[in-house]
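From first to last, the protein sequence lines are chains A and B. If you read the first sequence in numbering that gives the first Met the number 0, its first letter stands for residue 0, the second for the next number, and so on. If you read the second sequence in numbering that gives the first Met the number 0, its first letter stands for residue 0, the second for the next number, and so on.
Source of the hints: derived by calculation from the structure; they are not laboratory data. Backbone N, C-alpha and C fix where the C-beta goes; we use that ideal spot for every residue, glycine too. There may be inaccurate statements among the hints.
What the hints assert, rightly or not - Selected chain B positions facing chain A (in silico; Cβ < 10 angstroms):
#	residue
1	Ser47
2	Ala72
3	Leu76
4	Phe123
5	Asp150
6	Arg154
7	Ser158
8	Pro185
9	Gly189
One letter stands for each residue in the lines below.
Protein chains: 2
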Amino acid sequence: MAQRSLRDALLGAAATEFHENGYAATGVAAIATRAGAPKGSFYNHFPSKDALGVLIVEQYAGSRGTDILLDPASEPLDALRRHFDYLRSDLARDDFARGCLLGNFAAEVARSGTRVDTAVRDSFTAWLDALAVPVGRLAEHGALPAGGRPDEVARALGSAWEGAALLAKATGSAGPIDDFFAVTFPRILGLGRPDLPSHRLGG
Amino acid sequence: MAQRSLRDALLGAAATEFHENGYAATGVAAIATRAGAPKGSFYNHFPSKDALGVLIVEQYAGSRGTDILLDPASEPLDALRRHFDYLRSDLARDDFARGCLLGNFAAEVARSGTRVDTAVRDSFTAWLDALAVPVGRLAEHGALPAGGRPDEVARALGSAWEGAALLAKATGSAGPIDDFFAVTFPRILGLGRPDLPSHRLGG
Chain A
0 MAQRSLRDAL LGAAATEFHE NGYAATGVAA IATRAGAPKG SFYNHFPSKD
50 ALGVLIVEQY AGSRGTDILL DPASEPLDAL RRHFDYLRSD LARDDFARGC
100 LLGNFAAEVA RSGTRVDTAV RDSFTAWLDA LAVPVGRLAE HGALPAGGRP
150 DEVARALGSA WEGAALLAKA TGSAGPIDDF FAVTFPRILG LGRPDLPSHR
200 LGG
Chain B
0 MAQRSLRDAL LGAAATEFHE NGYAATGVAA IATRAGAPKG SFYNHFPSKD
50 ALGVLIVEQY AGSRGTDILL DPASEPLDAL RRHFDYLRSD LARDDFARGC
100 LLGNFAAEVA RSGTRVDTAV RDSFTAWLDA LAVPVGRLAE HGALPAGGRP
150 DEVARALGSA WEGAALLAKA TGSAGPIDDF FAVTFPRILG LGRPDLPSHR
200 LGG
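Sequences and hints are given; from them, build the entire structure.
Pasting the structure below:
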């Protein structure tokens with residue numbers, strides 16, 4: 000296998016192994032085996048599991064549809080709905096069994112002082128900042144309930160989403176995700192009534 | 000050390016190691032070392048790390064103030080506030096660094112088919128059921144917004160709490176917990192205005 004494609008194979012294998020089994024439980028040998036690579040080749044491509052973990056976190060964070068939130072042409076409430084619908088579709092592909100990779104890694108490595116820990120924290124901070132952009136635009140339009148700065152409302156939404164992804168994984172049920180769309184999202188944003196998510200309307 | 004106290008020492012050490020370092024990263028040797036016990040003695044007391052994990056999950060689940068939710072003499076909104084204040088105080092003892100043990104374990108082992116996985120799922124289910132008791136009482140009193148069954152509202156609250164604990168751990172900040180009390184909790188329950196948590200009022 001060419002060096003380039005071997006590196007890509009190791010990256011792809013690591014993404015799957017880390018997401019399915021967690022950070023600590025995934026060894027370099029398992030990643031190499033899944034990639035069909037000799038174990039010794041791993042260190043030709045990555046200096047450490049920690050360094051590879053950082054790449055996987057950055058790759059995952061870049062695939063979460065954050066661009067939807069930052070599009071100035073979109074209507075802010077619609078951008079928020081489409082963003083969370085995008086995340087839901089991603090989690091639903093494996094029936095919510097793997098959960099959010101960032102959340103999983105945070106549960107394992109947060110406050111460990113490792114590079115993966117820092118990458119997870121930076122990714123969450125960037126995501127919460129991106130959520131605050133459409134929330135801030137809603138606030139400017141006077142479309143939010145009184146009380147709660149946009150960054151606080153955005154962090155409340157983001158936290159609730161991560162919790163829903165975790166509980167869906169833990170309980171083996173899409174229920175917590177459905178509740179996010181039917182209860183948490185509309186109420187945090189003061190929409191005043193249970194709001195049907197677009198996927199329930201066939202959208 | 001007597002057999003009984005050695006077992007207790009191993010249980011206490013396991014609770015700390017699992018909470019600080021996660022399930023996969025914690026080995027039997029580390030637990031024995033922290034307990035000041037010979038490694039070989041571990042298996043005199045527990046058949047496996049999985050079996051010990053189940054005991055730790057059950058012990059942790061039993062220490063989360065669920066009784067506050069089930070007290071029929073309490074006012075339901077007050078019971079919910081006091082329950083989450085209790086959880087907040089517990090997380091604040093280590094500056095939110097360890098997060099919720101059940102959430103951490105769920106992120107690692109959910110859907111693994113192990114006994115720890117089952118114990119985590121059962122503990123979360125029991126907690127969400129307990130949250131639904133005061134929420135149901137609020138609904139009976141007509142004190143909840145229209146839309147959303149009590150079990151859905153309870154699950155939304157519980158999910159949002161777990162997400163706040165996870166993001167507080169991930170970002171190294173109490174902010175997500177503060178947002179839960181100031182934004183998420185009052186809005187999910189339709190309290191209509193940001194509600195100051197009792198600890199901000201010196202309660």
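Going through the hints against the structure:
1. Using the Cβ-Cβ criterion of 10 angstroms, the hint placing Ser47 of chain B at the interface with chain A is not satisfied: the shortest such distance is roughly 16 angstroms.
2. Interface restraint check for Ala72 of chain B: the shortest CB-CB distance to chain A comes to about 28 angstroms, outside 10 angstroms, so the restraint is violated.
3. With a least beta-carbon distance of about 16 angstroms to chain A, the hint placing Leu76 of chain B at the interface is violated under the 10 angstroms criterion.
4. Taken as an interface hint, Phe123 of chain B checks out: its beta carbon lies about 5 angstroms from the nearest beta carbon of chain A, inside 10 angstroms.
5. Satisfaction of the interface hint for Asp150 of chain B is found here, the shortest Cβ-Cβ separation to chain A being roughly 9 angstroms, below the 10 angstroms cut-off.
6. For Arg154 of chain B, the suggested interface contact is upheld, since its CB lies about 5 angstroms from the closest CB of chain A, less than 10 angstroms.
7. A distance limit of 10 angstroms between C-beta atoms decides the matter here; for Ser158 of chain B the minimum to chain A is near 4 angstroms, and the interface restraint holds.
8. The closest approach between the C-beta of Pro185 of chain B and any C-beta of chain A is roughly 8 angstroms, which is under the 10 angstroms cut-off, so the hint is satisfied.
9. At about 7 angstroms, the closest approach between the beta carbon of Gly189 of chain B and any beta carbon in chain A falls short of 10 angstroms, and the interface hint on this residue holds.
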